[in-house]
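Listed in order, the protein sequences are those of chains U and P.
Just so you know, we're using the UniProt record's numbering here: the first sequence kicks off at 1 and counts up by one.
Just so you know, we're using the UniProt record's numbering here: the second sequence kicks off at 1 and counts up by one.
One or more hints might be untrue.
Stated by the list, open to error - Result set (BS3-like, lysine-lysine): computed pairs, CA atoms no more than 30 Å apart in a straight line: (1) 80(U) <-> 55(P); (2) 294(U) <-> 329(U); (3) 316(U) <-> 230(P); (4) 76(U) <-> 203(P); (5) 230(P) <-> 76(U); (6) 40(U) <-> 133(U); (7) 338(U) <-> 75(P); (8) 316(U) <-> 124(P).
Unchecked claim - Listed next, the stretches of chain P that the computed footprint assigns to chain U, with coverage defined by at least 3 CB atoms under 8 Å from CB atoms of chain U: (9) 3-14; (10) 286-298.
Calculated from the structure, these hints are not laboratory results.
The beta carbon of each residue, even a glycine, is placed where N, CA and C say it ideally should be.
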Amino acid sequence: MKKNENTPHLNRRGFLKVASATGVAASAPMIFMKDAYAAKDFRNDPKDSKTVTLGFNVPQSGPYADEGADELRAYKLAVKHLNGEGDGGMMKTMKPSMLKGNGILGKKVVFSTGDTQTKSDAARASAKRMIEKDGALMITGGSSSGVAIAVQGLCQEMGTIFMAGLTHSNDTTGKDKRRYGFRHFFNTEMSGAALGPVLEKEYGKDRTAYHLTADYTWGWSQEGSIKKYTEAMGWKTKAAVKTPVGAGDFSQFITPVLNSGADVLVLNHYGKDMVNSLTQAVQFGLRDKQVNGKDFQIVVPLFSRLMAQGAGENIKGILGSTNWNWALKDEGSAAFVKSFGAEYGNPPSMAAHTCYVQTLLYANACEMAGTFYPPEVIKALEGFEFDGMGNGKTEYRAEDHQCFKDVLVVRGNQNPTSQFDLLEVVQEVPRAQVEYKPELLGGELGPYEV
Amino acid sequence: MDAILIQLLNGLDKGAAYALIALGLTLAFGTLGIVNFAHGALFMLGAFCAVSFQKILTISKKVKDESITFFDAYKEQPYLEIWWGDTGTAIIDYAVPLSIIMAIPVMLLIGFIMERGLIRHFYKRSHAEQILVTFGLAIIIQEVIRHFFGANPIPTPAPDVVSGSAAVGAFFGLNENLVYPWWRLIYLVFSAAIILAVFAFLKFTTFGMVVRAGMADRETVGLLGINIQKRFTIVFAIAALVAGLAGVMYAPILPPDYHMGMDFLVLSFVVVVVGGMGSLPGAVAAGFLLGVLQSFASMTEVSSLFPGIDQIIIYLVAVVILLVRPRGLMGREGVFED
């Protein structure tokens with residue numbers, strides 16, 4: 001049969017030519033990828049500058065100022081380590097790591113700071129100032145979820161990566177999650193999942209709880225998560241009263257608890273608020289009370305060593321959850337505690353830990369991406385699995401930018417052996433127990449390119 | 001009944017703070033006709049007298065903490081403890097009540113300087129100008145405190161012996177487990193004593209009689225050859241002292257920070273207006289009344305029916321009282337109504 005001259009046909013040689021040409025064409029952008037991104041214009045690109053600026057936005061005043069001060073210490077230590085000074089801290093234990101101690105991508109790390117005042121508008125203003133005037137390439141900080149969510153939104157608009165410090169509300173990586181925002185710290189859902197079974201074991205299934213809740217996103221989230229897990233195991237909730245942040249005198253909220261019939265007080269407070277409310281609850285005799293034939297109990301779902309220090313004797317025996325504790329014995333924690341302690345004479349708080357880790361993770365992601373171009377750095381962080389940073393094997397889940405790792409249930413230490421030995425680890429709850437599906441908390445990450 | 005007793009005590013406690021601040025405000029307003037928006041700052045300065053005294057007593061030496069092996073850690077040991085052992089510890093423990101000794105001359109001096117240095121220049125100006133200048137002064141005082149003490153609340157504990165709770169339930173023949181913090185009870189008694197002392201001073205001394213006469217008719221008292229201005233300056237210093245002492249004793253209840261005066265100032269102005277401008281008994285009565293109402297409004301039974309009522313009850317009551325009695329509870333016709 002004669003071939004039709006007009007019909008295109010493909011012989012072996014022709015196929016190879018076309019395939020080779022297609023392959024070369026398709027791979028060309030990958031070969032020249034770095035240059036392509038380098039050529040791409042983005043905000044605060046350091047270009048030929050010998051330095052790269054990071055913006056540390058922490059509460060230096062207000063009810064969370066103690067945590068803010070410790071966060072700032074951690075950031076400064078991280079900068080020191082990234083620039084090859086000091087003993088290197090967790091840079092020596094982080095796996096995998098591309099950090100070399102020569103800054104980030106060969107540029108020396110410098111920083112600017114801002115005071116969030118634990119207020120969303122002040123935090124946005126200081127973050128904006130650091131991005132626009134100081135040329136900050138990345139913003140990081142806490143210690144309030146309201147602030148974190150506000151700053152995260154701003155960073156998404158401005159195309160600047162936000163590595164959240166201490167923020168515990170579900171919303172940060174839930175309904176308010178953003179492509180440019182990343183959280184290493186755990187959240188209230190994970191606190192509830194970790195703490196619930198321990199509360200059941202310690203206090204039983206037949207309990208009536210009274211919640212005092214800080215009236216903003218974190219408080220609502222914390223209250224919701226604790227209710228979810230305690231009610232599922234049979235506890236009843238008598239009342240959930242919202243209290244203003246920074247109220248100082250909580251007596252008017254505590255006195256109604258005395259005769260409410262509740263036998264557990266859940267203090268969804270943090271920082272100075274928690275120190276004040278717990279101290280006043282103890283002064284009003286709640287811990288010495290018997291209700292419904294049971295000893296009255298106080299639960300503080302989220303607490304840190306700094307808060308335990310402020311609350312003094314009152315924290316002894318009280319259960320809560322925490323992201324990390326300086327007494328952990330793993331290699332990464334030990335290296336960080338040694339380094340931080342030598343620098344400042346105190347062990348780091350969990351706020352300091354998460355901020356230090358976030359700074360290193362960002363720097364490492366830039367090294368992995370080979371560029372500061374934010375969309376590529378984001379892609380390097382999404383799904384990144386690492387170890388040696390104090391919480392065992394950890395993953396930055398790509399779907400919501402939430403880190404998943406082990407969570408600690410702690411108790412105020414009854415017999416401390418030193419001035420810093422204030423929390424006793426009751427249980428290291430494995431990651432599998434606190435993990436949830438990304439759809440649970442909703443939200444949309446948004447685009448890479450802004 | 002248990003709940004009512006506790007809410008009542010708590011309300012009286014809050015009311016005592018409102019009443020003390022409002023009393024000082026009314027004294028300044030009644031004598032000098034000055035609307036002093038810096039009065040809250042005087043309350044805060046009193047609390048910082050307690051903080052400063054505590055800091056002075058706890059000047060420390062750094063001692064190596066041998067229990068920490070990871071790094072070199074240090075503990076602070078106050079010199080008073082090093083020198084005098086248990087006696088030194090006991091003195092530090094009583095820092096707050098002892099700080100009253102320091103607060104009395106300091107607050108009198110501050111009041112005197114404030115009146116002579118600034119406020120006397122504004123006697124003949126409008127109330128709006130007085131408010132502006134005293135508000136500005138309050139901000140300056142706040143920022144000075146913030147500069148020297150930082151922005152964080154500073155824990156200033158009560159002495160150990162009264163840091164626990166009193167069995168008020170057993171005392172009143174109610175539930176034996178019912179307790180109330182000792183220091184708050186002490187604050188209540190202290191406030192009552194200060195209020196009584198101020199009233200006794202004005203009622204039973206010649207100085208007080210002249211001041212009261214001056215409050216009623218300044219010109220006539222002046223025509224009698226009495227230097228009423230000098231006495232009013234002293235009254236202003238006493239008003240500063242009352243606010244300062246209220247602040248000193250409040251320090252263990254609410255860790256002082258630079259902003260605490262503003263939080264109380266607004267409420268205290270409401271108290272003054274509700275009590276009746278220029279009426280000292282009115283200020284005291286309104287202070288206690290509003291404190292108690294605020295406390296009862298925070299009961300679960302009430303707040304579940306009207307969520308958030310505890311935050312607005314004071315203002316609601318103020319609106320109602322001013323509608324029914326436009327001069328306040330004990331305000332008199334013709335007083336400050338020019």
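Quick rundown of the hints versus the structure:
Pair hint residue 80(U) plus residue 55(P) does not hold up; C-alpha atoms about 34 Å apart against a cutoff of 30 Å. A C-alpha spacing of about 36 Å is found between residue 294(U) and residue 329(U), which places the hinted pair above 30 Å, so the restraint is violated. Distance hint between residue 316(U) and residue 230(P) is unfulfilled; the C-alpha atoms sit about 56 Å from each other, more than 30 Å. The suggested pairing of residue 76(U) with residue 203(P) is violated, with an alpha-carbon distance near 62 Å, which exceeds 30 Å.
Of the supplied pair hints, the one linking residue 230(P) and residue 76(U) is violated, its CA atoms being roughly 57 Å apart against a limit of 30 Å. Under the criterion of a C-alpha separation no larger than 30 Å, the hint pairing residue 40(U) with residue 133(U) is consistent with the structure, at around 21 Å. With a C-alpha separation of about 18 Å, the suggested pairing of residue 338(U) with residue 75(P) holds against the 30 Å cut-off. The suggested pairing of residue 316(U) with residue 124(P) is violated, with an alpha-carbon distance near 59 Å, which exceeds 30 Å.
Taking a C-beta to C-beta cut-off of 8 Å, the segment 3-14 of chain P contributes 6 residues in contact with chain U, enough for the three needed, and the coverage statement holds. Closer than 8 Å: that is the beta-carbon criterion, and the segment 286-298 of chain P has 3 residues meeting it against chain U, so the requirement of 3 holds.
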